[in-house]
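Asks: Now for the letters of each chain:
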Amino acid sequence: MRKRLAGVSLYALMTIVAVVALAPLAWMLSASFMPGGEASTFPPRFFPKNFTLENYEVLFTRLNVTHYFFNSTFLALSVTCISLLINSLAGYAFAKYRFRGRDPLFKLLIASMVIPSQVTMLPLFLMLNKMGFVNSYIGVIIPGMASIFGIFLIRQFALTIPDSFIEAARMDGASDFRIYWSLILPLCRPILVTLALFTFMGTWNDFLWPLIVMTDDSMYTLPVALANLSLEHVQDTELMMAGSVITIAPVLILFVAVQRYYIQGIMAGGIKE
Amino acid sequence: MGNNQGGRVALLFIGPALLAIGIFFFVPVLAAFVLSFTDFDIYSLGNFKFARFVGFHNYVQLLQDPLFWKSLKNTLYFLIVGGPLSIAVSLASALMVQSKLVRWKTFFRTAYFTPVVTTLVAVAVVWRYVYHPRFGLLNYVVTLAGFNPVDWLGDPNWAMPAIIMMAVWKNFGYNMVIFIAGLQNIPDELYEAAAIDGAGKTQQLFSITLPMLAPTTLFVSIITMIGYFQLFAEPYVMTQGGPLNSTLSIVLLMYQQGFRWWNMGYSAAIAFVLFAFILAGSLLQSRVQRRMST
Chain A
1 MRKRLAGVSL YALMTIVAVV ALAPLAWMLS ASFMPGGEAS TFPPRFFPKN
51 FTLENYEVLF TRLNVTHYFF NSTFLALSVT CISLLINSLA GYAFAKYRFR
101 GRDPLFKLLI ASMVIPSQVT MLPLFLMLNK MGFVNSYIGV IIPGMASIFG
151 IFLIRQFALT IPDSFIEAAR MDGASDFRIY WSLILPLCRP ILVTLALFTF
201 MGTWNDFLWP LIVMTDDSMY TLPVALANLS LEHVQDTELM MAGSVITIAP
251 VLILFVAVQR YYIQGIMAGG IKE
Chain B
1 MGNNQGGRVA LLFIGPALLA IGIFFFVPVL AAFVLSFTDF DIYSLGNFKF
51 ARFVGFHNYV QLLQDPLFWK SLKNTLYFLI VGGPLSIAVS LASALMVQSK
101 LVRWKTFFRT AYFTPVVTTL VAVAVVWRYV YHPRFGLLNY VVTLAGFNPV
151 DWLGDPNWAM PAIIMMAVWK NFGYNMVIFI AGLQNIPDEL YEAAAIDGAG
201 KTQQLFSITL PMLAPTTLFV SIITMIGYFQ LFAEPYVMTQ GGPLNSTLSI
251 VLLMYQQGFR WWNMGYSAAI AFVLFAFILA GSLLQSRVQR RMST
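The listed protein sequences correspond, in order, to chains A and B. 10 is the number that the working numbering gives to position 10 of the first sequence; each next residue is one higher, with no gaps. 22 is the number that the working numbering gives to position 22 of the second sequence; each next residue is one higher, with no gaps.
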């Protein structure tokens, strides 16, 4: 009986937490389908009375959201592809090649993870300004090309690949690059998927750096454009909710589709040794 | 593979990463350090020659800047209240989700984790309306419970608590997953042995679960601290640092000084103070870890 009671109260508590976690997002979605003004009532309305798509229409036709959507997608995809290649090459080499200074170099990289990226932003902006890359896609891609965390994740995974696999491939006359490309990369698939997800979502959601480096409206990513629009359209609740839905939906759908890899990745990064 | 050729190939493989990280991370870090000792401003932007070395001037000025102290105080408030709060919520949810009494674990875990993957800027926009003094969801709940409505983002005393609540909502699922991994690593035999010895559930929690989770908790504390020190998007979108600078954070001040007023020398000094705090916090926590493991 006591156990039963404990079970019921546990479910009640967990359900409340789940409602709190999801309610703001559910309300966002619902309000995005309301005509102007309907979300500003008391008590708050949870379902649209006059369902409409006009907020989305306004965003895509008058407010240029198609363009921001393209910018965000293009940047997130580019950074993901480039960094995956560069990080996996380095992570594999750190795991499976012996060379002078390898361990101190790796330790230095790990130690420098404590440096917050904000420290680099002022000089990086000046550098990119001199090179003419401010307000260009390259300006966002460059600092994302390689990541220490990514190298670390891949190295940890590659360490678990038996040396005998690599030796056997070498006996068969495979070149170093061929071993990396057709043996190591397929074996590293799970961690590559995880890292790709992390990178894609991280780039998509990133705010401070694109805010700094994209100075022209036409180059904005979705979060930068949304922050900007939300300061101009404070009263247009329903419109801003539609904008938030467009910004959140792609990453949320991606997460739901492949959440196993994402959660495994956090666990892999979280447990040491 | 220890031969010369292997070394050359390894360099080729590591080269692109080292170049990218070296040029676009390490060089800027050093340059920021130099920058923080100059009076680099909007005039120097056109011609770097206009910047002069001013020694510790920026750091001295920082100590005398009431806005800097305000931003430091606000950031520490956010960190010291929000950090432990979000870790406590994460731990409690992990314990609930992993409880033997519960089914549909995956559903609850996914629900709790959903806010983590959302875009911070977008949910900050949403929460601005959740906190609306007249029409917001939160004040609806507050008045249902019989309290007076609160002007969450307009009242200097409530603005930071409001940002903390939103941050806890957004982040607790991340640390929850790390705690779940930690819980799964505790051997079942420990609990079986304790049960045979007659230890109740509460006793098991305090004498097995929490001590075994100590390393996980420490790791979670470090990443949470590093993340929370970098508070920026929430105040930028929700309050612009207001009201009365009650949500002005260190990174927001750095952004305003560096990229709105182009006082880049001064802004670089702020960035290094941020770095110093994060470094000190990490060193402190890893010392605690070393003491615990010996």
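The reader is advised that the hints may include incorrect statements.
[To be verified] Just a few of them, taken from the derived set where beta-carbon distance is under 10 Å, the chain B residues facing chain A:
| # | residue |
| --- | --- |
| 1 | 34 |
| 2 | 37 |
| 3 | 60 |
| 4 | 61 |
| 5 | 112 |
| 6 | 120 |
| 7 | 123 |
| 8 | 156 |
| 9 | 261 |
| 10 | 288 |
[What the hints assert, rightly or not] Here are the simulated distance ranges between beta carbons:
| # | chain 1 | residue 1 | chain 2 | residue 2 | range |
| --- | --- | --- | --- | --- | --- |
| 11 | B | 45 | A | 29 | 29 to 37 Å |
| 12 | B | 188 | A | 264 | 15 to 23 Å |
| 13 | B | 156 | A | 41 | 43 to 51 Å |
| 14 | A | 235 | B | 23 | 42 to 50 Å |
| 15 | A | 159 | B | 260 | 40 to 48 Å |
| 16 | A | 235 | B | 12 | 56 to 64 Å |
No lab work stands behind these hints, which were simulated from the structure alone. If you're wondering where the values come from, they're calculated on a predicted model, not measured in any experiment. In this text, a Cβ means the ideal position worked out from N, Cα and C, and glycines have one as well.
Asks: Could you check if residue 123 (chain B) really has its C-beta closer than 10 Å to a C-beta on chain A?
Replies: At about 7 Å, which falls below the 10 Å cut-off, the nearest Cβ of chain A leaves the hint on residue 123 (chain B) intact, so it holds.
Asks: How about residue 61 (chain B): closest beta carbon in chain A under 10 Å, or not?
Replies: violated (17 Å)
Asks: Measuring from the C-beta of residue 34 (chain B) to each C-beta in chain A, is the shortest one below 10 Å?
Replies: At about 8 Å, which falls below the 10 Å cut-off, the nearest Cβ of chain A leaves the hint on residue 34 (chain B) intact, so it holds.
Asks: Does residue 120 (chain B) hold up as a contact with chain A if the rule is Cβ-Cβ below 10 Å?
Replies: Holds, about 6 Å.
Asks: With respect to the beta-carbon atoms only, verify the hint that residue 188 (chain B) and residue 264 (chain A) lie 15 to 23 Å apart.
Replies: 22 Å Cβ-Cβ, so the 15 to 23 Å window holds.
Asks: Holds or violated: 40 to 48 Å for the Cβ distance of residue 159 (chain A) and residue 260 (chain B)?
Replies: Taking Cβ atoms as reference, residue 159 (chain A) and residue 260 (chain B) lie about 46 Å apart, which means the hint holds.
Asks: For residue 45 (chain B) and residue 29 (chain A), compare the CB-CB distance with the range 29 to 37 Å and indicate the outcome.
Replies: Roughly 43 Å apart at Cβ, these two residues miss the hinted range, so it is violated.
Asks: Against chain A, with CB atoms and a cut of 10 Å, does the hint on residue 60 (chain B) hold up?
Replies: At about 19 Å, which exceeds the 10 Å cut-off, the nearest Cβ of chain A leaves the hint on residue 60 (chain B) violated.
Asks: Holds or violated: 42 to 50 Å for the Cβ distance of residue 235 (chain A) and residue 23 (chain B)?
Replies: holds (46 Å)
Asks: Return the status of the interface hint for residue 156 (chain B): holds when the least beta-carbon distance to chain A is below 10 Å, violated otherwise.
Replies: violated (19 Å)
Asks: Restraint: residue 112 (chain B) near chain A, CB-CB cut 10 Å. Satisfied or not?
Replies: Since the shortest Cβ distance to chain A is 5 Å, the answer is holds.
Asks: Taking the least C-beta to C-beta distance, is residue 261 (chain B) closer than 10 Å to chain A?
Replies: violated (13 Å)
Checked against the numbered hints listed earlier, the structure breaks hints 2, 3, 4, 8, 9, 10, 11, 13; every other hint is satisfied.
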